[in-house]
Amino acid sequence: MLLELLICLIIGSTLIGIGVHFIPVGGAPAALSTSAGIPTGAPMITIGMGITGILTAITFVNQPNYLIIIAGAIGSMMMISITMFFSNIMHVYGVGVPIASSTFEKDPITGFNQTEYVSQGTKGHGIPTVSFLSGVLGAGLGGIGGSLAFTSIYSELSASLLDINLVITITTIMSLMLFFVIAVVASYNIGGTIQGFYDKKFKQKILPGALSCFIVSVVLSLIYALIVWGLINV
Amino acid sequence: MDIFFNLILVGFMALLAIIAGIFEDLESDVASTSNPNSQVQLAPQIGNLHKLFNRAVSGEPLLLGTMATIAGSIAYLLFSLNFPVVLVLLLSSLFTTLIQVLFSITSYMGRITSQSLYNQPLFLDVIYKTVPSIAAHAFITIFSLTTLSYIMVYLLTPPVLLTLPVLSMLMGVTIGSIGSAVGDIHYGAENLYQNLEFGSGIPVSLNGNIVTKSALGSKKSIDVVSFCSKFAGPITGLCFGIIIFLSFWIYLVFGAVGGLIAGLIIIVLFLILNFLLERNSRINYGKYE
Amino acid sequence: MSDDLIPNQILFLVSFFGGLLCIYLSNIPLMGGILSIAGISLATIFGINALRHVGKYSLGTGVPSIVYLLTAIGVIGYLLGIVLTINLNQPILFPIIAIISAIVLALIVSYICKYLFGIQVDILAKSFISISLASVLLIISMSTLISQTFIPQVIYENVIQNGMIILLMLMSVMVIQNPYNACMGPNEDQYRTLSLGLTNIFLMLIVLSLLCIFTSKYWILYLLLSIIGWIISFRKYIGYTKHQVASIKRYGLWPKDDKEI
Chain A
1 MLLELLICLI
11 IGSTLIGIGV
21 HFIPVGGAPA
31 ALSTSAGIPT
41 GAPMITIGMG
51 ITGILTAITF
61 VNQPNYLIII
71 AGAIGSMMMI
81 SITMFFSNIM
91 HVYGVGVPIA
101 SSTFEKDPIT
111 GFNQTEYVSQ
121 GTKGHGIPTV
131 SFLSGVLGAG
141 LGGIGGSLAF
151 TSIYSELSAS
161 LLDINLVITI
171 TTIMSLMLFF
181 VIAVVASYNI
191 GGTIQGFYDK
201 KFKQKILPGA
211 LSCFIVSVVL
221 SLIYALIVWG
231 LINV
Chain B
1001 MDIFFNLILV
1011 GFMALLAIIA
1021 GIFEDLESDV
1031 ASTSNPNSQV
1041 QLAPQIGNLH
1051 KLFNRAVSGE
1061 PLLLGTMATI
1071 AGSIAYLLFS
1081 LNFPVVLVLL
1091 LSSLFTTLIQ
1101 VLFSITSYMG
1111 RITSQSLYNQ
1121 PLFLDVIYKT
1131 VPSIAAHAFI
1141 TIFSLTTLSY
1151 IMVYLLTPPV
1161 LLTLPVLSML
1171 MGVTIGSIGS
1181 AVGDIHYGAE
1191 NLYQNLEFGS
1201 GIPVSLNGNI
1211 VTKSALGSKK
1221 SIDVVSFCSK
1231 FAGPITGLCF
1241 GIIIFLSFWI
1251 YLVFGAVGGL
1261 IAGLIIIVLF
1271 LILNFLLERN
1281 SRINYGKYE
Chain C
2001 MSDDLIPNQI
2011 LFLVSFFGGL
2021 LCIYLSNIPL
2031 MGGILSIAGI
2041 SLATIFGINA
2051 LRHVGKYSLG
2061 TGVPSIVYLL
2071 TAIGVIGYLL
2081 GIVLTINLNQ
2091 PILFPIIAII
2101 SAIVLALIVS
2111 YICKYLFGIQ
2121 VDILAKSFIS
2131 ISLASVLLII
2141 SMSTLISQTF
2151 IPQVIYENVI
2161 QNGMIILLML
2171 MSVMVIQNPY
2181 NACMGPNEDQ
2191 YRTLSLGLTN
2201 IFLMLIVLSL
2211 LCIFTSKYWI
2221 LYLLLSIIGW
2231 IISFRKYIGY
2241 TKHQVASIKR
2251 YGLWPKDDKE
2261 I
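Protein chains in written order, with the numbering used here: chain A, 1 to 234; chain B, 1001 to 1289; chain C, 2001 to 2261.
Don't read these hints as lab results, they were simulated from the structure. Please read all numbers here as calculations on a predicted model, not as lab measurements. Be aware that one or more of the hints could be misleading.
For lysine to any residue, the following SDA-like pairs were computed, each having C-alpha atoms within a straight-line distance of at most 20 Å [said to hold, decoys possible]:
1) B:Lys1129 <-> C:Trp2254
2) C:Lys2114 <-> A:Leu161
3) C:Lys2114 <-> A:Gly96
4) C:Lys2126 <-> C:Trp2254
5) C:Lys2217 <-> B:Ser1116
6) B:Lys1213 <-> B:Leu1081
7) C:Lys2242 <-> B:Tyr1118
8) B:Lys1213 <-> C:Pro2255
9) C:Lys2242 <-> B:Leu1102
10) B:Lys1287 <-> A:Gly96
11) B:Lys1129 <-> B:Val1225
12) C:Lys2256 <-> B:Ser1218
13) B:Lys1287 <-> A:Val219
14) B:Lys1129 <-> C:Lys2249
15) C:Lys2056 <-> B:Ser1218
16) B:Lys1219 <-> C:Trp2254
17) C:Lys2249 <-> B:Ser1116
18) A:Lys203 <-> C:Phe2117
19) C:Lys2256 <-> B:Tyr1118
20) C:Lys2242 <-> B:Gly1286
21) C:Lys2217 <-> B:Gln1041
22) C:Lys2056 <-> C:Phe2017
Stretches of chain B that chain A covers, calculated by requiring three or more beta carbons in the stretch to come under 8 Å of a beta carbon on chain A [stated by the list, open to error]:
23) 1008 to 1022
24) 1072 to 1080
25) 1088 to 1100
26) 1155 to 1167
27) 1173 to 1179
28) 1194 to 1201
29) 1232 to 1240
We put the CB at the ideal spot given by N, CA and C, even for glycine.
Please build the complete structure, drawing on both the sequences and the hints.
Structure, rendered in structure tokens:
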């Protein structure tokens, strides 16, 4: 039983870590239209989307496990797609810039040329379609990871603890802590801005990122398994 | 009947979320909280002294998350003491607003004092004039967030099975990350740099070269509200409202599996909308000249 | 960052041993709560000073992220400490297990940063360990204040079951990261930053002492103590600010050149 939990937690938190790399993050420069991407730090947008996924997963607790996992992914993806769309609206109608990024020549999905539309002295503005898709994929991975961790802890705890309110509160807190740790570790790897999987930076960052998130998640999962074992026997 | 009541509640939740989003963004603009604040901090360094409010409590998600959690915890405490609902919501939000205001004042004084090398004075009238506005916006935000969490925990059927502090923390962090991802662009890229031509990003070489004067005297942070409330605030509110509304509505109307399919369709719809937006912006604005 | 006026080692020794002592003595009826308040202040000051050292390096994302990474690690260690000591029936070991597991996690993360990500900051491991240690001590002292004892079973019922642990976590993130973040700049000063830290912690203690209503009949005393502490530390902070600021103006515009003040 606990071995199953351990494997689920390792897979889940590694997926969160890989998902963070997919999200197009611009950091502080993006809030000035100096760089493309979502204008906030990588950890916080990841935690925000993870929270929406967990919230959706909570409303699904009485459903079968695979539905909870899908629900978490859908919740996260919905949150990030709406946020990115409104962020783009802000760029287009509030600042008056076309959406483009100079980290790649041509958008592979829409075929739009990028560099001609980027203002001089900046690295782009807004979230182009390929970065948008990448963000949705990353949110999907992160949402699957978060809700996988959520379900595995929940099903272990709910089998032995009676108070469902208590079980869900503890489970939520534990899955949130996972997001807090993994998202920051992954964003240290990214180190600033990234524009999703089509960025050149992605290829050199993903391997150490995935490896480090795997190591951290193994250690975290061991501790979590101990905590869950202890909570069952309280 | 049950589903009808729930639908009304979800609509009301979306309304509260919209209000919370609008005022959250305006509060962060008037107090100059999140990423654009880096420019206000940079300005004295390159010789641009200013009279803007300059607060670095923390990032928006953390600040809002902490404040919402404090409000939620106090509300939880007062509920256990059997206070009436309206009083609980009002008292907890008022108390939390006080804490946020104190944090704002100390943070403003801290950042300005640490820049004394560049001769940046500490303006007392900035504190007196800006803080009431911060307090008003913060109160509405926290009140809406606490009411939203209260509805989710105590009124919705089936309720969200969390305790009030945890749920209000979730709401606070979410609204903070949305507010900093959507609304702040208008303040950072447009309002602070109105000396640049409309329709271009801010080049790195011009960073810190913000507007410090307005039509009459110095540029004040209160003026930012009237600028940002025309576009940035409502859009942020709409974004948060839509997220809260859709996250509950689709499962109420279409059931569990149908709701998931509807969610997938919504994601694809937003992908297409984003593509159309990108194409139209390119056609209308043209290449950079 | 300016140089340390109070050396970091002294802060470490005082807050580590003092904090542990305060935690273990929190069983005493009236004094326990006051000792918890002392433990909270000591842990915060140590955390802030450790953050001052690592905060000047750019790690790729903002200063707060360091703190909430390490506080999340602290919370995980704290949870492990609580459930293990309840199961082993060894309440005395609870702070020790929490501290050790948090330190091990922080060490692993700092080694990953050093060897996998290539972040070349010499004091990274030391600072990560210090901040996580401070956050664990802070969260444990906060929960001993609420539950009036350090026995894990009581803490589990009073802090974890109703989800208050999330409040304690966010509060400790806030009080550790805010003073340095708010006072960052070329003229940052240790005394001013630490006095701002004390101001913040007493502000948070006002909330915490309200939450003691159910567990302690002395909650009003703690409330008074926090308000008095807040007033004193706030006046101290204003004093340092007045002393160090370039100039204070009631109205008007900024000076035109360097000579005019």
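So, going through the hints one by one against the coordinates:
Among the hinted pairs, B:Lys1129 with C:Trp2254 is consistent with the structure: their alpha-carbon atoms are about 17 Å apart, no more than 20 Å. A hinted pair counts as satisfied when its Cα atoms are at most 20 Å apart, and C:Lys2114 with A:Leu161 does not qualify at roughly 41 Å. Between C:Lys2114 and A:Gly96 the CA atoms are separated by roughly 42 Å; this puts the pair beyond 20 Å, and the hint is violated. Our distance criterion of 20 Å between C-alpha atoms is broken by C:Lys2126 and C:Trp2254, whose separation comes to about 42 Å.
Only pairs whose Cα atoms come within 20 Å are accepted, and C:Lys2217 paired with B:Ser1116 is rejected, the gap being roughly 47 Å. Straight-line distance between C-alpha atoms of B:Lys1213 and B:Leu1081 comes to about 51 Å, which puts the hinted pair past the 20 Å bound. The straight-line distance between the Cα atoms of C:Lys2242 and B:Tyr1118 is roughly 16 Å, inside the 20 Å bound, and the hint therefore holds. Taking the CA atoms of B:Lys1213 and C:Pro2255, the gap is about 14 Å. The hint holds against a cut of 20 Å.
For the proposed pair C:Lys2242 and B:Leu1102, the alpha carbon gap of about 17 Å is at most 20 Å, so the pair holds. With a CA separation close to 12 Å, the supplied pair B:Lys1287 and A:Gly96 stays within the 20 Å bound. Taking the CA atoms of B:Lys1129 and B:Val1225, the gap is about 13 Å. The hint holds against a cut of 20 Å. Distance hint between C:Lys2256 and B:Ser1218 is fulfilled; the C-alpha atoms sit about 13 Å from each other, no more than 20 Å.
Only pairs whose Cα atoms come within 20 Å are accepted, and B:Lys1287 paired with A:Val219 is rejected, the gap being roughly 50 Å. Of the supplied pair hints, the one linking B:Lys1129 and C:Lys2249 holds, its CA atoms being roughly 14 Å apart against a limit of 20 Å. This hinted pair does not check out: C:Lys2056 and B:Ser1218 have alpha carbons roughly 32 Å apart, beyond 20 Å. Our distance criterion of 20 Å between C-alpha atoms is met by B:Lys1219 and C:Trp2254, whose separation comes to about 12 Å.
Simply put, C:Lys2249 and B:Ser1116 have alpha-carbon atoms about 13 Å apart, close enough for the 20 Å limit, and the pair holds. The suggested pairing of A:Lys203 with C:Phe2117 holds, with an alpha-carbon distance near 14 Å, which does not exceed 20 Å. For the given pair, C:Lys2256 sits about 12 Å from B:Tyr1118 by alpha-carbon distance, which is consistent with the 20 Å threshold. In summary, the hint linking C:Lys2242 to B:Gly1286 is not supported, as the alpha carbons are separated by about 53 Å, beyond the 20 Å threshold.
For the given pair, C:Lys2217 sits about 46 Å from B:Gln1041 by alpha-carbon distance, which is inconsistent with the 20 Å threshold. Of the supplied pair hints, the one linking C:Lys2056 and C:Phe2017 is violated, its CA atoms being roughly 27 Å apart against a limit of 20 Å. Only when three residues or more bring their CB closer than 8 Å to a CB of chain A does the claim for the stretch 1008 to 1022 of chain B stand; here the count is 0, and the claim is violated. Counting residues of the stretch 1072 to 1080 of chain B whose CB lies closer than 8 Å to any CB of chain A gives 0, which falls below the minimum of 3, so the coverage claim is violated.
Counting residues of the stretch 1088 to 1100 of chain B whose C-beta sits closer than 8 Å to any C-beta of chain A gives 0, which falls short of three, so the coverage hint is violated. Requiring three or more residues with a Cβ within less than 8 Å of a Cβ of chain A, the coverage given for the stretch 1155 to 1167 of chain B holds, as 6 such residues are present. A count of 5 residues in the stretch 1173 to 1179 of chain B with a Cβ less than 8 Å from any Cβ of chain A is obtained; the coverage claim is therefore met, three being the minimum. Counting residues of the stretch 1194 to 1201 of chain B whose CB lies closer than 8 Å to any CB of chain A gives 4, which reaches the minimum of 3, so the coverage claim holds.
Under the rule that three or more residues need a Cβ within less than 8 Å of chain A, the assignment of the stretch 1232 to 1240 of chain B holds, with 5 such residues.
Checked against the numbered hints given earlier, the structure breaks hints 2, 3, 4, 5, 6, 13, 15, 20, 21, 22, 23, 24 and 25 and satisfies all the rest.
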